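Build the full structure now, drawing on both the sequences and the hints.
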Amino acid sequence: MPFLCSTNCGKNAVLKRPKTGGALCKECFFWAFEEEIHCTIKSASLFSKGDYVAIAASGGKDSTVLAYIMKLLNDRYNYGLKLVLLSIDEGITGYRDDSLETVKRNEVQYGIPLKILSYDELYGWTMDRIVEKIGRKNNCTFCGVFRRQALDRGAELLKVDKIVTGHNADDIAETVIMNILRGDIARLQRCTSIQTSSEDKISRCKPFKYTYEKEIVMYAYFKKLDYFTTECIYSPNAYRGHARAYLKDLERIRPSAIIDVIHSGESLAIRDGIHLPAQTTCSRCGHVSSQEICKACVLLEGLNNGIPKLGIGKSSKVKEKLKVSKEKNGNCANCSCSKKEENGISSRLKDIEELLNIEVDINGSKSCRNINKVTRRIEDLSF
Amino acid sequence: MCSLNDFEMDGDSNKEMKKSNHKVLTESDLCRKCQINNAKFILRDKDFYCTQCFTVYFVHKFRSTIGKSREIKHGDKVLVAFSGGISSTCLLHLIRQGLDEPATKKLQFHPHVLFINESILNSQTSLAKIYEEIDKLNFPLSYTNLEEVLVEESKEISIKTVKSEKYLVEFQKYLHKFLWKLSENYSELLEVLRSSDLNKVDNISDESLGVSERSNELQHILSESLKNQTSREDFLRQLRYKLICRCAKQLGFQKVFLGCSGTELAIQILSNVALGRGSQIADFVQFKTNHFGVEVFLPMRETFEDEVKFFIESQNIFVPEEEEKLTPSNKPSIVSCTRAFIHNLQEEFFSTVPTVFRTGSKLVRGKEAENENEGLEGDVCSFCGLKRDTGKGGSSSALNSIKLSKKLTENQFMKGVIDNQDDFSDKENLIDDGESEVYNLFCYGCANLMQELDYQNSSSRVQHLLVTKKSEQQNLDIIQNYLLERGLNIP
Ligand SMILES: [Zn+2]
Ligand SMILES: [Zn+2]
Ligand SMILES: [Zn+2]
Ligand SMILES: [Zn+2]
Ligand SMILES: [Zn+2]
Numbered sequence: 001m002p003f004l005c006s007t008n009c010g011k012n013a014v015l016k017r018p019k020t021g022g023a024l025c026k027e028c029f030f031w032a033f034e035e036e037i038h039c040t041i042k043s044a045s046l047f048s049k050g051d052y053v054a055i056a057a058s059g060g061k062d063s064t065v066l067a068y069i070m071k072l073l074n075d076r077y078n079y080g081l082k083l084v085l086l087s088i089d090e091g092i093t094g095y096r097d098d099s100l101e102t103v104k105r106n107e108v109q110y111g112i113p114l115k116i117l118s119y120d121e122l123y124g125w126t127m128d129r130i131v132e133k134i135g136r137k138n139n140c141t142f143c144g145v146f147r148r149q150a151l152d153r154g155a156e157l158l159k160v161d162k163i164v165t166g167h168n169a170d171d172i173a174e175t176v177i178m179n180i181l182r183g184d185i186a187r188l189q190r191c192t193s194i195q196t197s198s199e200d201k202i203s204r205c206k207p208f209k210y211t212y213e214k215e216i217v218m219y220a221y222f223k224k225l226d227y228f229t230t231e232c233i234y235s236p237n238a239y240r241g242h243a244r245a246y247l248k249d250l251e252r253i254r255p256s257a258i259i260d261v262i263h264s265g266e267s268l269a270i271r272d273g274i275h276l277p278a279q280t281t282c283s284r285c286g287h288v289s290s291q292e293i294c295k296a297c298v299l300l301e302g303l304n305n306g307i308p309k310l311g312i313g314k315s316s317k318v319k320e321k322l323k324v325s326k327e328k329n330g331n332c333a334n335c336s337c338s339k340k341e342e343n344g345i346s347s348r349l350k351d352i353e354e355l356l357n358i359e360v361d362i363n364g365s366k367s368c369r370n371i372n373k374v375t376r377r378i379e380d381l382s383f
Numbered sequence: 001m002c003s004l005n006d007f008e009m010d011g012d013s014n015k016e017m018k019k020s021n022h023k024v025l026t027e028s029d030l031c032r033k034c035q036i037n038n039a040k041f042i043l044r045d046k047d048f049y050c051t052q053c054f055t056v057y058f059v060h061k062f063r064s065t066i067g068k069s070r071e072i073k074h075g076d077k078v079l080v081a082f083s084g085g086i087s088s089t090c091l092l093h094l095i096r097q098g099l100d101e102p103a104t105k106k107l108q109f110h111p112h113v114l115f116i117n118e119s120i121l122n123s124q125t126s127l128a129k130i131y132e133e134i135d136k137l138n139f140p141l142s143y144t145n146l147e148e149v150l151v152e153e154s155k156e157i158s159i160k161t162v163k164s165e166k167y168l169v170e171f172q173k174y175l176h177k178f179l180w181k182l183s184e185n186y187s188e189l190l191e192v193l194r195s196s197d198l199n200k201v202d203n204i205s206d207e208s209l210g211v212s213e214r215s216n217e218l219q220h221i222l223s224e225s226l227k228n229q230t231s232r233e234d235f236l237r238q239l240r241y242k243l244i245c246r247c248a249k250q251l252g253f254q255k256v257f258l259g260c261s262g263t264e265l266a267i268q269i270l271s272n273v274a275l276g277r278g279s280q281i282a283d284f285v286q287f288k289t290n291h292f293g294v295e296v297f298l299p300m301r302e303t304f305e306d307e308v309k310f311f312i313e314s315q316n317i318f319v320p321e322e323e324e325k326l327t328p329s330n331k332p333s334i335v336s337c338t339r340a341f342i343h344n345l346q347e348e349f350f351s352t353v354p355t356v357f358r359t360g361s362k363l364v365r366g367k368e369a370e371n372e373n374e375g376l377e378g379d380v381c382s383f384c385g386l387k388r389d390t391g392k393g394g395s396s397s398a399l400n401s402i403k404l405s406k407k408l409t410e411n412q413f414m415k416g417v418i419d420n421q422d423d424f425s426d427k428e429n430l431i432d433d434g435e436s437e438v439y440n441l442f443c444y445g446c447a448n449l450m451q452e453l454d455y456q457n458s459s460s461r462v463q464h465l466l467v468t469k470k471s472e473q474q475n476l477d478i479i480q481n482y483l484l485e486r487g488l489n490i491p
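Protein chains in written order, with UniProt numbering: chain A, 1 to 383; chain B, 1 to 491.
By construction, these hints were calculated from the structure, which means they are not laboratory data.
These figures come from a predicted structure and were not determined experimentally.
For every residue, glycine included, the Cβ atom is placed at its ideal position computed from N, Cα and C.
There may be inaccurate statements among the hints.
Label pairs and their computed distance ranges (CB to CB) [said to hold, decoys possible]:
1. B:R70 - A:S283: 39 to 49 Å
2. B:N440 - A:S118: 46 to 56 Å
3. A:R252 - B:N216: 30 to 40 Å
4. B:P332 - A:G135: 30 to 40 Å
5. B:N440 - A:G21: 16 to 26 Å
6. B:P332 - A:R271: 55 to 65 Å
7. A:R284 - B:E437: 25 to 35 Å
8. A:A245 - B:A103: 53 to 63 Å
9. A:C285 - B:K331: 48 to 58 Å
10. B:E153 - A:D200: 21 to 31 Å
Per the computed footprint, the stretches of chain B lying under chain A, defined by three or more beta-carbons under 8 Å from a beta-carbon of chain A, are [unchecked claim]:
11. 259-273
12. 399-411
The structure is reproduced here in structure tokens:
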């Protein structure tokens, strides 16, 4: 038995909205979907007239629908925006080739100019070459870290005013949960804001913040939009996988859970007197970083110096190496800890110093205390 | 797209979850602390402890949670809520042991146990069993039925109080000590006390409170009005808080102890987020919180489930209600799903529970979420009594997006209004009309409940659960409207 569209338009409903449970016909769904995003853009004042806006385009469903919607709303409501599609080519064989083809078709279909920037251009390394170096286990670390900066770097090159990304409500809810599980309160507070606010940085915004992933898929399906379905072919972060599965379970039990989680995130604050790490910029590349040197620069240093695992995991390899050789050899020279000192500790410290671009007091470096300090520093720099 | 979110990478993350060690105890392992006894327990996934050293550690943790807060004063009367479950059983035993310590280490408050009889939810715990346990521990006990929460605010609820023989004997001694000088015939006085205050053991049964119409009504709400399991559980949780606080007030207690372990609190933190109650996390995890004008304390908050279990086992303590009682059914809910998730994750990453607990302890209600007219009673949710998180909070918010989605799903295009993009404030007014009234009365989480409960049309008993603020005119008017529709008046 067909359901009638709940707006009383007289047509038969074709879908049930996950967010509200209401049944809608195709036209009313399109309208509601588009209006909601328009309202999000308007009420959060994401753009000003004349802005040059880069749409982060991966060829996937989120960014394809985003490109389509941005074009549609820009025309319908005279936002007066100049749009550009910005794609990053990580250099993953068989992954980007197809998705980049999709983006290239989108360029023609939506009439938005496309700019493709490669990891090779930006970092001197393709993901395939990185995988050769470090194996498949940790490369999502690289591709995530590099991708984020790639967009920023690309946006700077193009001299745009804003970047829009296709992060949807599910992504944001998932991130809220992730940050609670990891105890990352600084990010927990940031992750629900609809746009980044850093004076000297190009701000990124998420017009799909309140849009359910399911609705994006439905929209793309009914609009017959041309997108490329793929998952990153490298192993996903296991921990995030748990959070994702949990969120899906929640949604099954109570469909409003996704937006409920976002509401929770929005209505939380950090208690007075809790110390938060200050967000600064990388002393090397100038990008946002909580450390003196950003993750991307550490990873790059590792790659370029033949220690590609630096900055991955807990750097336990580096730490172990230091520890093991420390115990094998003579006594610690400078402190009374009676621990053993390793041969060539000064040269090792010098390597680290160069690698991390930090100052190590070479004179005092023959003590365990100093080694520990450096080890801690390495740990801080890694995940 | 890559499975990592870009915005997760805003800067460097050094937060990584450590995998659990999955250590296994063998016969020959020695206690790390005393180096003498055999280890029986693995503390924090790494340290081997013997039973004695563990007990010292565990009791100390409990005592220091109370001690360092300086909130519990010498001679305080404290109502200890007892569910019959493992954590609250543990709490009672910790208190008993604390009271039995020599004077210098003795706990200095006077506990009184409250048990809420939930036989309405097919709970198998018999009152007689509960009484037996409380009697052994020598605490005074009060009990009431869950459905009493439906009694109008202006009336008293039915609470029974029993004092054990042992307690009475002690009480007599106490009287003896102080009264013999004052009263010539104190034995007569004792007789009066004995007959008035003591309910004999054989009096204690589920029927002693009487089966009321209220039990049918509560059953109706839980099985008919609330369609999904998540709402039922959330509703029940609010009811328990309400009833405990009401009993405390009626019995003259300003302070209440709840026996929630840190593990249970971690589950609550994440569940609260999933239920849209993120702003209330602090109200359920801080050591001291305020609910309905009563101070609620969580003295077990720094203990973990495995520690509580080991304490119970190693001391051979009987737990009346082994199963965690939560709901009348076994369908999945947000809380049960979260519990399973936390437990599984804990298996793999030992720090899960401590991390979630620590994160939750650092969070408070955001300023933006609150209403502008801070301090007014209209800011308080009419159901849970906590501050509402449904203030404007800037025009871009999850709440507004829901309101808009509902409008767009229910009405014809509304093209004419929305097209006029320059006059955006008009559209906001359009979004924010009548239907969102539920958000002017309730917090976000309770609004989810109330919409399902159809609170405007449900029985007057549900109305009794709502807090009416006589001093706040606007709020009163809103409620009055509902009440008038059904021909009722606010007294
Ligand atoms: Zn329709
Ligand atoms: Zn990846
Ligand atoms: Zn950098
Ligand atoms: Zn020991
Ligand atoms: Zn509430």
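Going through the hints against the structure:
1. B:R70 - A:S283: 39 to 49 Å: 45 Å, holds
2. B:N440 - A:S118: 46 to 56 Å: 54 Å, holds
3. A:R252 - B:N216: 30 to 40 Å: 32 Å, holds
4. B:P332 - A:G135: 30 to 40 Å: 39 Å, holds
5. B:N440 - A:G21: 16 to 26 Å: 22 Å, holds
6. B:P332 - A:R271: 55 to 65 Å: 33 Å, violated
7. A:R284 - B:E437: 25 to 35 Å: 55 Å, violated
8. A:A245 - B:A103: 53 to 63 Å: At 54 Å between Cβs, range holds.
9. A:C285 - B:K331: 48 to 58 Å: 52 Å, holds
10. B:E153 - A:D200: 21 to 31 Å: 57 Å, violated
11. 259-273: Holds: 4 residues of the segment 259-273 of chain B have a Cβ under 8 Å from chain A.
12. 399-411: holds (count 11)
Hint compliance for this structure: hints 6, 7 and 10 are not met, and every other hint is.
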